[in-house]
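Chain order of the listed sequences is A and B.
Take 1 as the starting number for the first sequence in my numbering and just add one per residue.
Take 1 as the starting number for the second sequence in my numbering and just add one per residue.
I should point out that these hints are in silico values taken from the structure, not numbers from a laboratory.
A couple of the hints might just be wrong.
Claimed, not checked - Residues from chain B that face chain A, not an exhaustive set, calculated with beta carbons under 7 Å:
1) Arg2
2) Arg18
3) Thr21
4) Arg23
5) Leu60
6) Phe68
7) Val89
As the list claims (entries may be wrong) - Which chain A residues stay away from chain B? Per the calculated CB distances, all over 12 Å, these:
8) Gly57
9) Asp99
10) Thr113
11) Asn127
12) Arg128
13) Ser151
14) Phe225
Owing to the predicted nature of the structure, the values given are computational and were not obtained by experimental measurement.
We treat Cβ as the ideally placed atom computed from N, Cα and C, and that holds for glycine.
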Amino acid sequence: MSRSSRRNPGTALVVGATGDIGRAIARRLGRDGWELQLAARDPSQLKAEAQDLHLRGISVSAHECDVLKEDGGVSLIDALPATPDVAVCTVGVLGDQSDAETDWRAAERVMRTNYLGPALLMGALANRFEQRGHGTLVGISSIAGERGRRSNYAYGSAKSGFTSFLSGLRSRLWRSGVHVVTVKPGYVRTRMTDHLELPALLTAEPEDVAEAIARAIRKRRDVVFVGRLWRPVAFVVRAMPESIFKRISL
Amino acid sequence: MRATHLSGWGRYPIRECRVATLRREEQLADWSQTKTLIARGNGRSYGDAALNPELTLSMLARDRLLAFDSSRGVLSCEAGVLLADLLRVYAPQGWFPPVVPGTADVTVGGMIAADVHGKNHHRDGSFGAHVESFRLAGGNGDVLTCSREENLDLFRATLGGMGLTGVVLSACFRMCRIESEHVRTETLGTPDLDATMETLAASNDWRYSVAWLDGSAEGGNLGRGLVSRGDFATRDDLSGQSSAYRSRAPVSRQLPTPALLSGALNPASVRLFDALYNRVGRFRKGPRLVHHTSFFFPLDRLQRWNRLYGRRGFVQYQCVLPVSQSSRGLRAILERVATSDHIAYLAVLKLLGPQGEGMLSFPLSGYTLALDFPMRPGTLELLDSLDEITTAHGGRVYLAKDARCRPDHVQESYADLPSFVDVRQGATSGTREFSSVMSRRLGL
Ligand SMILES: Cc1cc2nc3c(=O)[nH]c(=O)nc-3n(C[C@H](O)[C@H](O)[C@H](O)COP(=O)(O)OP(=O)(O)OC[C@H]3O[C@@H](n4cnc5c(N)ncnc54)[C@H](O)[C@@H]3O)c2cc1C
Ligand SMILES: NC(=O)c1ccc[n+]([C@@H]2O[C@H](COP(=O)([O-])OP(=O)(O)OC[C@H]3O[C@@H](n4cnc5c(N)ncnc54)[C@H](OP(=O)(O)O)[C@@H]3O)[C@@H](O)[C@H]2O)c1
Numbered sequence: 001m002s003r004s005s006r007r008n009p010g011t012a013l014v015v016g017a018t019g020d021i022g023r024a025i026a027r028r029l030g031r032d033g034w035e036l037q038l039a040a041r042d043p044s045q046l047k048a049e050a051q052d053l054h055l056r057g058i059s060v061s062a063h064e065c066d067v068l069k070e071d072g073g074v075s076l077i078d079a080l081p082a083t084p085d086v087a088v089c090t091v092g093v094l095g096d097q098s099d100a101e102t103d104w105r106a107a108e109r110v111m112r113t114n115y116l117g118p119a120l121l122m123g124a125l126a127n128r129f130e131q132r133g134h135g136t137l138v139g140i141s142s143i144a145g146e147r148g149r150r151s152n153y154a155y156g157s158a159k160s161g162f163t164s165f166l167s168g169l170r171s172r173l174w175r176s177g178v179h180v181v182t183v184k185p186g187y188v189r190t191r192m193t194d195h196l197e198l199p200a201l202l203t204a205e206p207e208d209v210a211e212a213i214a215r216a217i218r219k220r221r222d223v224v225f226v227g228r229l230w231r232p233v234a235f236v237v238r239a240m241p242e243s244i245f246k247r248i249s250l
Numbered sequence: 001m002r003a004t005h006l007s008g009w010g011r012y013p014i015r016e017c018r019v020a021t022l023r024r025e026e027q028l029a030d031w032s033q034t035k036t037l038i039a040r041g042n043g044r045s046y047g048d049a050a051l052n053p054e055l056t057l058s059m060l061a062r063d064r065l066l067a068f069d070s071s072r073g074v075l076s077c078e079a080g081v082l083l084a085d086l087l088r089v090y091a092p093q094g095w096f097p098p099v100v101p102g103t104a105d106v107t108v109g110g111m112i113a114a115d116v117h118g119k120n121h122h123r124d125g126s127f128g129a130h131v132e133s134f135r136l137a138g139g140n141g142d143v144l145t146c147s148r149e150e151n152l153d154l155f156r157a158t159l160g161g162m163g164l165t166g167v168v169l170s171a172c173f174r175m176c177r178i179e180s181e182h183v184r185t186e187t188l189g190t191p192d193l194d195a196t197m198e199t200l201a202a203s204n205d206w207r208y209s210v211a212w213l214d215g216s217a218e219g220g221n222l223g224r225g226l227v228s229r230g231d232f233a234t235r236d237d238l239s240g241q242s243s244a245y246r247s248r249a250p251v252s253r254q255l256p257t258p259a260l261l262s263g264a265l266n267p268a269s270v271r272l273f274d275a276l277y278n279r280v281g282r283f284r285k286g287p288r289l290v291h292h293t294s295f296f297f298p299l300d301r302l303q304r305w306n307r308l309y310g311r312r313g314f315v316q317y318q319c320v321l322p323v324s325q326s327s328r329g330l331r332a333i334l335e336r337v338a339t340s341d342h343i344a345y346l347a348v349l350k351l352l353g354p355q356g357e358g359m360l361s362f363p364l365s366g367y368t369l370a371l372d373f374p375m376r377p378g379t380l381e382l383l384d385s386l387d388e389i390t391t392a393h394g395g396r397v398y399l400a401k402d403a404r405c406r407p408d409h410v411q412e413s414y415a416d417l418p419s420f421v422d423v424r425q426g427a428t429s430g431t432r433e434f435s436s437v438m439s440r441r442l443g444l
């Protein structure tokens with residue numbers, strides 16, 4: 001009996017491959033036939049993830065990467081066996097807003113993890129992709145980046161920065177054949193949100209995010225939301241006058 | 001951690017539970033202050049086995065394959081791996097799980113904790129018989145490896161132990177070789193209970209067998225049914241058939257609008273069985289080749305079909321009676337149902353082989369009957385009366401399906417219960433306890 005004959009669409013790098021959304025993306029792309037490069041900061045978790053994918057018949061290599069390290073992104077790119085066709089960055093941390101208000105180190109960690117680290121990594125990959133003349137970069141930002149809210153503006157502002165960075169990158173690269181996807185999930189049931197009560201109707205599973213990303217790569221979408229309701233929600237959040245917005249406890 | 005309304009597959013009972021997801025083993029220490037908790041797989045047990053208001057620990061994120069020894073067919077994986085996932089990966093490679101229940105949406109942990117049986121129990125025993133070892137996190141946070149060589153008592157108490165001995169973290173079990181992904185199957189119509197039982201008994205040389213009973217039959221037709229039996233097709237079977245003759249893996253469907261359809265099962269739709277029965281009766285042909293998913297998991301095609309029973313949910317009554325008592329006992333049960341104003345929507349009969357190693361495992365040599373009833377006034381009283389018949393005939397009910405049985409019935413009918421209680425106490429003494437709404441209901 002033969003393995004189901006998969007087409008081979010190319011190689012995909014998943015950064016943050018030990019996170020819940022990252023794992024779902026790796027499995028999904030692997031099942032679609034992509035060869036995988038996994039990157040994550042915790043070597044033992046990374047190894048277990050790679051082993052799981054290997055047993056699922058997916059060809060995979062594993063690479064350590066901590067975006068908080070000064071050369072986190074660059075050293076990762078140098079370590080890859082080949083420049084990937086697709087790179088997905090899922091790195092992020094929610095942090096605690098009140099900690100971020102009282103402890104600058106906590107704020108800095110949230111900002112660096114959600115903005116500086118991912119943006120510098122995507123920027124460095126973009127240059128490789130541009131030289132080569134093709135590739136797709138997928139950055140996971142967040143609906144939280146649409147507008148700073150009192151409950152999580154440290155996180156939200158960093159995601160805003162990442163969203164802006166990706167949109168600039170997309171505009172710079174679109175003639176070169178390199179495509180950039182910005183993913184703006186709303187609520188997703190993951191380790192990041194385990195402690196929160198999330199409204200069932202608005203909450204997606206990591207597999208839904210993976211599905212949305214697989215489709216966005218295929219169809220070369222620019223900005224994708226996960227779940228039908230979020231695009232209108234984002235619209236309303238952006239459209240509200242500041243004089244009203246500032247009064248709303250969100 | 002969050003609070004949410006949880007139930008089993010039958011959607012009865014529903015309890016508000018604090019739910020946490022185990023993502024890393026180290027997290028177990030986070031709940032060291034919690035006095036009581038229960039592991040939960042994919043919630044396919046019917047009743048209250050995987051509910052604990054204080055802490056219900058979802059294992060679904062522990063879903064990694066760990067190792068596969070292809071010379072012996074031994075797979076090692078985390079407890080939250082779904083059976084459907086295993087089938088997707090391994091069936092195309094010619095490996096099949098040794099035992100599968102009637103749905104693929106269960107976890108490996110759930111298959112161990114209920115020591116599930118399949119259509120091949122008469123040949124291969126329950127899932128536990130094929131488990132080589134597992135890692136179990138006990139009450140004080142220690143992780144023990146349990147096998148037939150190490151911690152045997154705990155091994156036996158955990159097979160079928162409904163999560164009450166600890167959290168199964170990962171397991172090692174043997175898979176079987178298959179030559180194709182298709183099953184050669186035939187279906188025989190049987191006119192009454194004796195014929196159905198005899199046909200099942202005469203199907204011993206088939207690896208898989210099961211009967212669907214007509215829940216609405218009465219009088220002389222009582223227990224009439226369709227016996228379905230099968231074996232994995234060999235390469236020769238396949239080469240003899242044109243590919244058009246084989247069925248493909250079916251596509252599963254979502255219920256379009258659960259709210260609209262919910263409650264759509266009514267006595268009239270049960271009459272569908274008659275149509276089917278007559279069709280098979282008339283076109284009794286030789287064996288057909290069907291894809292393994294249609295053969296083993298016909299109900300999985302309609303996702304969330306449990307909602308068809310409406311808001312009040314449903315209960316399944318599954319009992320097993322020793323062979324010598326089966327004919328009389330089953331007849332009494334079916335008659336009791338027929339004379340009540342309740343209808344069993346689904347009735348499945350199967351001949352089980354000898355009891356396995358699990359102290360609380362359900363199977364024993366005899367016929368097992370499973371009946372689905374919508375919850376409505378009088379349902380619980382009816383089931384209590386069925387318990388009396390079951391007990392009187394030396395049988396017992398299956399905990400994985402149960403939502404309502406009384407403690408004395410379970411205590412009487414599970415002979416190894418005292419050993420189970422000893423082992424469980426020894427393993428969890430003085431620390432946090434593994435308990436569920438079910439275990440409290442049953443006084444375990
Ligand atoms: C349509 C249908 C058909 C079925 N057919 C059959 C059949 O043919 N034969 C059969 O035997 N059963 C059958 N079942 C029952 C089902 O196989 C069992 O209830 C199984 O235990 C469900 O697995 P789960 O992962 O959903 O576990 P859950 O329902 O979530 O939990 C069941 C029990 O397992 C325990 N548990 C789960 N994971 C762990 C873990 N990691 N560590 C410790 N304890 C754990 C829970 O505490 C609970 O007591 C059927 C169920 C359905 C819905
Ligand atoms: N969950 C939601 O509701 C939601 C909503 C919108 C957007 N998002 C975004 O989705 C992405 C994935 O999040 P998730 O929900 O899957 O949560 P998650 O499981 O916590 O994933 C976060 C990932 O980021 C990695 N990471 C954190 N700091 C890192 C660092 N310094 N270097 C390298 N990797 C680092 C984590 O690695 P470790 O595995 O080692 O911890 C993990 O893989 C994040 O960008 C998040 O902001 C999530």
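Verification of the hints:
{"no.": "1", "hint": "Arg2", "verdict": "holds, 5 Å"}
{"no.": "2", "hint": "Arg18", "verdict": "violated, 11 Å"}
{"no.": "3", "hint": "Thr21", "verdict": "holds, 6 Å"}
{"no.": "4", "hint": "Arg23", "verdict": "holds, 5 Å"}
{"no.": "5", "hint": "Leu60", "verdict": "violated, 10 Å"}
{"no.": "6", "hint": "Phe68", "verdict": "holds, 6 Å"}
{"no.": "7", "hint": "Val89", "verdict": "holds, 5 Å"}
{"no.": "8", "hint": "Gly57", "verdict": "violated, 7 Å"}
{"no.": "9", "hint": "Asp99", "verdict": "holds, 19 Å"}
{"no.": "10", "hint": "Thr113", "verdict": "holds, 19 Å"}
{"no.": "11", "hint": "Asn127", "verdict": "holds, 35 Å"}
{"no.": "12", "hint": "Arg128", "verdict": "holds, 31 Å"}
{"no.": "13", "hint": "Ser151", "verdict": "holds, 17 Å"}
{"no.": "14", "hint": "Phe225", "verdict": "holds, 21 Å"}
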